[in-house]
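This is what each chain is made of:
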Amino acid sequence: MIIYPILIPLVFAIITVLFWENQRVKRALSIISTGLLMIVNINIFFVVYREGIQVVQVGDWPAPFGISLVVDLFSAIMLLTTSIVAFLLAFYSVDGIDLARRKYGYFPLFQFLLVGVNGALCTGDLFNLYVWFEVMLMSSFVLIALGGERTQIEGAIKYVILNLLASTLFLSAIGLTYNLAGTLNMADLALRLQAVSSSGQVTVIAVLFLVAFGIKSAIFPLFFWLPASYHTPPVTITALFSALLTKVGMYTLIRFFTLLFPFESEYTHTIILISAGFTMLTGVLGAAAQTDLRRLLSFHIISQIGYIFMGLGLFTEYAIAASIYFLVHIILAKTALFLSAGMVESIQGSFDLKKLGGLYKHRVGLSMLFLLPALSVAGLPPFSGFFAKLGLIIAGLESKQYFIIGLALFVSLMTLFSMTKVWNEAYWKPPKDPQYADQQKPVSRWRLAPVIIIVVLSVLLGLFANPVFEVCQMAAAQLMDPSQYIRAVLGMVR
Amino acid sequence: MLFLMAIAAGVLFAAGIFMILRRSMVKVLVGILLLGYAANLLLFNAAPLIRGAPPLIDPVIGVPTVYADPVPQALILTAIVISFGVTAFAVVLIRRAYAVTGTGDLDNMHCTDIPCESEEILSDLEDEIL
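Line by line, the protein sequences are chains H and A. Mapping of the first sequence onto the working numbering: residues 701 to 1194, in sequence order. Mapping of the second sequence onto the working numbering: residues 68 to 197, in sequence order.
Next up, chain A with everything else stripped away, as it sits in the complex (with noise of 0.2 Å):
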């Protein structure tokens, strides 16, 4: 099963970085959150994975000689949690930069390098909202 899971790991860690050399924005976003994905199992495999055995302490009988570990599972979560977030913004801001720049194409992106000519959307939005 862990065999298993790290070639699952592995595949996924190697289209997510296929997808992340994509020119295209969207491509790149797909490639982030297969990545994402990627180190949530790897997570995941972090602890032995336990079929069958509740990461609970029985008051009765005591701790358990066999018991899975929970705290993988617990760091998932909260990474699964922050993932969403940061995915949501990411889909706004490529949804943005679509309608700003007018491309997809990341390789158009050089606004940054050499100076275009700034279009001041940011004095219309200022407009709008006074």
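With the rest of the complex left out, here is chain H (with noise of 0.2 Å):
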């Protein structure tokens, strides 16, 4: 079963190329596709819940000879967040993407990275993540290039060679780990390593993978390609990169530290704790400079990737779960805010706030979209952003961990004079080109209903943060114990 959350978007976008020309039949095969995927991913959610990790032999290669693709609880919420996202962005891109992108194979390309983001939430083998990261990669990199406009070609540059540089990286560290342990499999490398003998090797090799999805999930000091391209392609495709690319970075790195190298804990995760620091630090402070709105929400998801990696850093199972739960609270609650400001975009025409203005005195609803997200992200109570920052919070003091708690806190203030910044200068202050006041654009239903429900779902994750949480807690319990997975994996070997 755990296969088709790759095969489905995969037939999907090979079909969606054969209609290449019937822009209606690429936009329903796109919904269909991701529609089905989020059912999938919902029915895979409960079995991996209620029976535990799920394993498929691929090709009924045992392991670890073959590939194994494994579902335990971490990829299933994964699954389940990034498909409920896409299927929502797949609405939203009927409006929010501009008939010459359609065109130019939006939706196909919209599949193949949703085949990249499964795939490599599935895998269970280093090298075939490499592959999956590829795929992902190489239609990200086709999706912010498409268009053709200055900036975008100029963030395209920067954002592909710094990603070539990570997987190089990666590809380096894939060697190295070979020459090592001659296995590949996760499960049975987290065996091998635990007897390699020369921990200083295992050290380098940690952190090679570390600085490559260090790079590829923007941490500091690596995250300098984000500001400079995410803001450049249109909103939808922005907000589908900040949903899915940096947050399965994230994914993999939480994955290796606690399966592949939990041993290595002092060295590496006194690194990960300093560079989680700075990296909240560094975009939110980054984010107070900026008066684009497109570029103030980037250097957002900055600052809120450091408090998922201050989670790892503290490296206990009740940090994993909270990073665990801010992970799927910032998917829903950037998606969210990122979409919101694609429709000031449509209503008035630009993203600088100097420009905007006036919003909330004709349209109310519309700025409930954007300031309920915002709060979330602030981390005021009783939204989901409250109890994610509570849970790193509680887990900080328990690893008594005073001064990160300390930056965490500040940086949770700093956010909110920026949300509350773009809420002054986009929603309350008269609009300084008075023609703004009436020439109010109305703004199509495709766009407004999936905001609608994910605002809705992003409020609700916050209601019900308590059986959420501990969902996260079952999954980080499950991370932090490697001996499950590995027994799931290697298990049938008969």
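Mixed in with the good hints there might be a few duds.
As the list claims (entries may be wrong) - Just some of the chain A residues that point at chain H, by a computed CB distance under 10 Å:
1) Gly-83
2) Met-92
3) Leu-102
4) Leu-110
5) Ile-128
6) Leu-173
7) Thr-179
Said to hold, decoys possible - Pulled from the structure, derived: some chain A residues nowhere near chain H, Cβ distances all over 12 Å:
8) Gly-129
9) Thr-132
10) Ile-143
None of these hints come from the bench; they were simulated from the model. Computed from a predicted structure; not experimentally measured. Backbone N, C-alpha and C fix where the C-beta goes; we use that ideal spot for every residue, glycine too.
Reassemble the complex: the two chains are provided individually, in unrelated frames, and hints are given to aid placement.
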């Protein structure tokens, strides 16, 4: 069953290419595909929740010789969240992507991106992971450059070069791992890396992976490509990237450092904590200086990545659970923010906070669609951001890492400041050009409906924080006890 | 042999890193290519280098005592194919970037940070295909 998250988008991507000229069919196929994907992933989530880790040995080659697909609770949560976002983005794309981009293959690329993301979330093989990352990156390269505006091309160059560099490092790290352990199956690796006597080599590999995925998930000091490229494509694509790409990088880091390198904790986890602190701080300080809505939100992506990373750095079960909850929260809230920004642009024709204004006067409902996720990201109760940060801070108190807690709280305050700035500039202040007040373009239902749903989901995540957090704790318990994962994968060796 | 290979991989890494630090887009691409080769060579050396022993199991003799490890070679093949595709895309992207910005110097590509007057190439493209 767990092959379907990869198969569905792949099949639909190919069918979509066949209907290159027919925009309506492409649109419908993309919605059907993501809808099916969501249903399958809901199903997978419940199966994994009830029955534990699910494994498929592709081609019936027993592990560790073949490629294993493994879905544990953490993967299932990520699969579910990303497919919900993808489904809603498929609706938003109908109006949120212009005709030229839709003609030049936006929909097939969207599907291929999902293939890569789901593959990376499901795989239990190191090299296979590399391949899925390349599938994902290739689609994202084309998506970011699609349209060919000057800023887009320049952003794409920075994005492509740094991500290729990261891929090279990833590949080198795989080579060194194979040299050291003689296997690439992650469960098998976890066993063998325990037995390796020279812990220095393991640390080198761990740090190589940390840098490679650090570039991909934009942690300090490797994040520079993100604010230089994420704001350049249409806001739908930015939302897609922010929901999927950097978060998959983060997923991989959490997976690696709980499964493969849990024994190097003193060295690597100090690095992770320091880097997490700087990631939070630089992201939010960068955002404070921005007046372009998309750039501002892009900097906030970095800042929020820092929080997830902080949970990994603390490395207790509670902290990892908080990180997982944070991942879910930020995927929903950030997508909602980007999509709201897209609607603001469609009404007033600009992302520049200096030009915007007066939205609250005419569009109260629309303003709420920004305000709720913004407060959630800033961490105000009763929204999900509050509980996510609360979890991290409790975990930090338990580990007596008071400095990082202080930093996290300070960054939270700065985030609130930043969101208030957007609220004042775009929604409350009277528009500079009084023409804007009269010329209120209607927002298409294709855009409005998905944003409403995603905001509602985000609010529900906060209101039902306790049951969701319990599931996250179960996932974290699975992650912190790698023997479950190893037994599930290798136990099938006959 | 392994020593020589290690030196070769090291030289390729050094050259690649030198090249990606250059300002010219084409030189950066060459740097990325060199780094890719270096990673492939590293992958090739991941298993012990054994001459003259095929990575095959003879059905008559059974598992031989000395055989070459086929896994790294399979990995390299995959990596080469991927890097071929990525390079093809990067070349086209660089060509496009030169056409749009009129410069090959990465230091002049600051439109993402300081807003330039946006040329609406997209709308031209739209007219073209409609």
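Evaluated hints:
| no. | hint | in the structure |
| --- | --- | --- |
| 1 | Gly-83 | 8 Å, holds |
| 2 | Met-92 | 7 Å, holds |
| 3 | Leu-102 | 5 Å, holds |
| 4 | Leu-110 | 4 Å, holds |
| 5 | Ile-128 | 21 Å, violated |
| 6 | Leu-173 | 7 Å, holds |
| 7 | Thr-179 | 5 Å, holds |
| 8 | Gly-129 | 18 Å, holds |
| 9 | Thr-132 | 17 Å, holds |
| 10 | Ile-143 | 9 Å, violated |
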